[in-house]
Amino acid sequence: MTSRLFNNKRAVSPLIATVILIAFAVSLGAVVMNLGSNFATNDPLANQKECVGMGLKFHDLNGPQITFSGSGADGFVEFVVDHVGTEPIPKVRFRISAAKGGSTQTFISDLENSAIEPGYPLSKRVAYNYDTYGIPKQVEVIPTAQRNGKDLFCFKNSATYTLP
Amino acid sequence: MVIDQLVKPSLDEKPVPADLELPLSEPEEKRRIKFLTKEILDRIGYGLSSQQFLNILFVQSGASLFLVGMINGLKVMVSVIVSYILERYQLSVKVNRVLMSVVGVFFGISIFTLTIAIHRKSTALFVLSFVFATIIAVLYGSLYQDWFKENLEMRKRGFFLSRISYYGLAITGISMILGAALADKFTGGKRLAFEILGQNLRLQGYVIVLVFAAMIFMFGALLLLWISEKNAGKEPQKKHVVITPETWKEFASNKVLFVLFVSSAIISLVQTLATAYYGIFIYSNFSESAFGGFMNVAIIFIIALLTSVIGPVITQFNVRAYGKFPMLVFGTMLIAIGPVTYWYNPNLLSISMAMFLSTIGSAICGVSFGLLTLELVREDLKESYAQLSNVLTLIPYMIFIPIGAYIAFNWGMSILFLILSITLVVTVVPLYMYVIIAYNARKQKI
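These protein sequence lines are chains A and B, in that order. Just so you know, we're using the working numbering here: the first sequence kicks off at 1 and counts up by one. Just so you know, we're using the working numbering here: the second sequence kicks off at 1001 and counts up by one.
A portion of the hints provided could be inaccurate.
Mimicking BS3-like on lysine-lysine, the simulated pairs with C-alpha atoms at most 30 Å apart in a straight line are [claimed, not checked]:
| no. | chain 1 | residue 1 | chain 2 | residue 2 |
| --- | --- | --- | --- | --- |
| 1 | B | K1121 | B | K1190 |
| 2 | B | K1190 | A | K57 |
| 3 | B | K1255 | A | K49 |
| 4 | A | K156 | B | K1190 |
| 5 | A | K100 | A | K49 |
Hints were generated in silico from the structure; no laboratory data involved.
Chain B on its own, in the form it takes in the complex (with noise of 0.2 Å):
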């Protein structure tokens, strides 16, 4: 998803040893440097436009909180949509580098009117980009992978561009501490001034911010027009992924897929309310203290990003040690301390360390679900399975996503924070205890 920040480096490929790798002629040199390029563009993009920036931006321009956590709600939800209608009916697109850049473009272009929407202070326009951006974000996101997959092999690829999801996180998080510092030092009265075609123009910093976000997000699309493909207009070899009724005969008849289900829907929920609000709060709290509104927020979240690169690896190693359902026990507690640290003991330090575990927890459940589901989905129905659990936890999202956002709104949202950290422990614990139990007492009988 290209909004979201939290990119997790993709675990299915792995970079390969130096001495493997292919070497290069002259002009396919120039086109993988060309890759890289379009790869650290869009890096910076995603830094200069935050999530958590737009949030709190959204929230300066007049929109309530319940209207914040409904937007976060949305988003997840589009996007399930449209990724589900993209598995279902891909085999008809041909992906070629003019739609990808055309996509790229418009996608920029949602990001520009995003910033129009916040500067004129107009709720519907914001939430019009905001769906159209998600939307876009997850088509061009998801084509361009497939598109970069099949025009340049792992071996060619080279020591940086193998490892862009670990490096990009750097280049993320510089970008989005230079747009955090430009935001914090033309804001209010203090504006960045500049004339135009004579025109004098006097902007706020984070409108600076998002116009440059916009241009890059273009700029990087544009550059896929110069990139040569193979196989051009090539139909793409990837198979429909369609929920059956035996997927749901198997996810119906097992009582463990059902909790595992049960417990990742509500883990999914708590994060995104929670994450729709952190920015806000930290924001709103400490912007006269420490480095200052913007910057302190992406500190924190800088704190999460680069944290989202060692989770994995502690839960591989520990997930031996203990088994995945207490591991899972262990990433859920971790999650919980997240959210109750910023209702108990708001401050930037102890906040600094609660996402650093709130992230290393989340990384640990999605190991663990990964593995479990692995190990108790049949082969042929995994993909399957796994567009039938996203499918449904639509229907939660439809249901609690409106009552957090309005806890938020009506009780604040240090309440919501408490009320999302209890969720977790009173819900999901008892959920995963009771599987371990069962399962106990299903190896004693045996």
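Just chain A, same shape as in the assembly (with noise of 0.2 Å):
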């Protein structure tokens, strides 16, 4: 019985064996698909696998390109980010961590028409409030993905500027 099992080569039917390797490629490769995805589970931002591909920079033209102008009430900020990754943004937040009588304020925008594709820059022209928000010390431009219809903010990838 034993060496009939050993020496008999084809042991099972062309269909079967077929069978059998297909449920055996499909377990090897949700091991595969899946091995890594642990590793990261306390770090919530290294879970946003819609943020891949995304990137953005400041243009570099012997500096960052960001301009404050105006003042008071009638203030604006002017940015071009470069996307440096490989798969559209949709859209941008736009970040400014100010300070303003001791305390740090925040000025958050969602800006329209701020959909980029990879290897363009965008250029935008944001007003800005001194008066209400104060010095700005850093600026961030943060692309947002959208994971089951809701925005999500890929900070990992965001151009970031702290000021002198």
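Hey, can you piece these two chains together into the complex? The hints should help.
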């Protein structure tokens, strides 16, 4: 019995062999596809697979292209960012962390018509009220992806500039 | 193919055991060392000018993802056409060391012009140089192999030279790592500064790597001039390979052959498109993590390179146990794991393992296709059938490569990877299942 079991080289029909091998390949695939996904469960930013391929960087022309103009309530900020990733960005969020009277203020604006294709720049002029928010300390342009119809902000892929 | 880094070891020429090797005189020993040096130089060159590095640099020089896909498809098509022309008309070419050297030097020059194209961000020059390099690579590779076989018989090659297709992979891998380290070290604002003839030069790391590769290829080609030839200028005794009406008839009348052709064409298309973007995807998503931009790409492709050695061995054992068609289905499923992992869970660990399985899958498919073709095609039509199926593959390439490249350009690489995996599972696997069921039904009738 034992020798028959091991000497018979074609023990199963091709159809059954195919089904077994497909099941084996699917299980291998499931294991491999989930490898490493648990490494970063404590870091929510690392689990943003929707953000993969999105990357912003301030355009560099003798320094990053950000200018603060105007004064008081009529201030504005102009900037140019480059999409240095590989996946299209549907829209971006603009955020300024500012200092006013010893406390930190945050200005946030979800910019309209701010979709960027890979390799292209985005140039925007955003109104900013110095009286309300104070002196800008840090500027961030954050790519916004979608997860289940909701906005997902890709902080790891954002362009950040801290003012000296 | 010289630019293609996944050089599979030739299985038709097996090394002879040490006790069957012929003793060599001193001049013969020197000659063998020259051949070995040439092979090692070529392997170093392959590693430094890896296709994956070239794709990344092409994108960095301003090319769109569409152009990257197109150029990779074009490379395969040009290779098929050139090798067809070579096999069809080879009788009229007298191969000697001078001709080989000239072709080799031209290959080095084409790598050099590629470097200039990337450095100057000239897409047109890159495309021209790339097509030229592909044509020269096929010519050089094919002519050199014939010339090498004629000039140094297997029993005089010694341990390393007779196993160079295996050890060569290690050399290619090491040079890929060195090239990646240099490209990563001198990138962006950090450039390698030096002075030549009073001129101050500040070069990026990849320029140094590619110029070094070009010089190595040229030096390897020039080394051929110092190797004494046997039967110099002798016409090669190879026969013409012509696609005859009989081959067409055999192809059209055999359903199984047709299914095999369709599925192999789909697998080949999927692999060409996926490989065109793997390196760029890894570079752009993981340049800030693990080993760094080019090094991550090098490490992952070295895994694929080394796996390509064990793949055929695994296949040969399993084909006997499971049969060829079930193994084809299994191989196709393994290939599909590669692109789908890039889409579903892109991290370096999962991608490395997916590349490992994908490479084993393509080895399984390759060996099984080979064995099935041996079984299904008449002995006298085998070479002609191989040419026919190669030439026919050009048609789906012309249609689907631009579509795939457009998907990558418009919707991103992740979506393309998903579509490629679905294509394999939804089209190729059912085709094989159909053949298996048809075979079973026929057997039961008998």
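Right, here's what the structure says about each hint:
1. B:K1121 <-> B:K1190: holds, 19 Å
2. B:K1190 <-> A:K57: Within the cut-off at roughly 18 Å; holds.
3. B:K1255 <-> A:K49: With Cα atoms ~43 Å apart, K1255 (chain B) and K49 (chain A) exceed 30 Å; violated.
4. A:K156 <-> B:K1190: holds, 24 Å
5. A:K100 <-> A:K49: Violated, at about 36 Å.
The structure shown violates the earlier hints numbered 3, 5.
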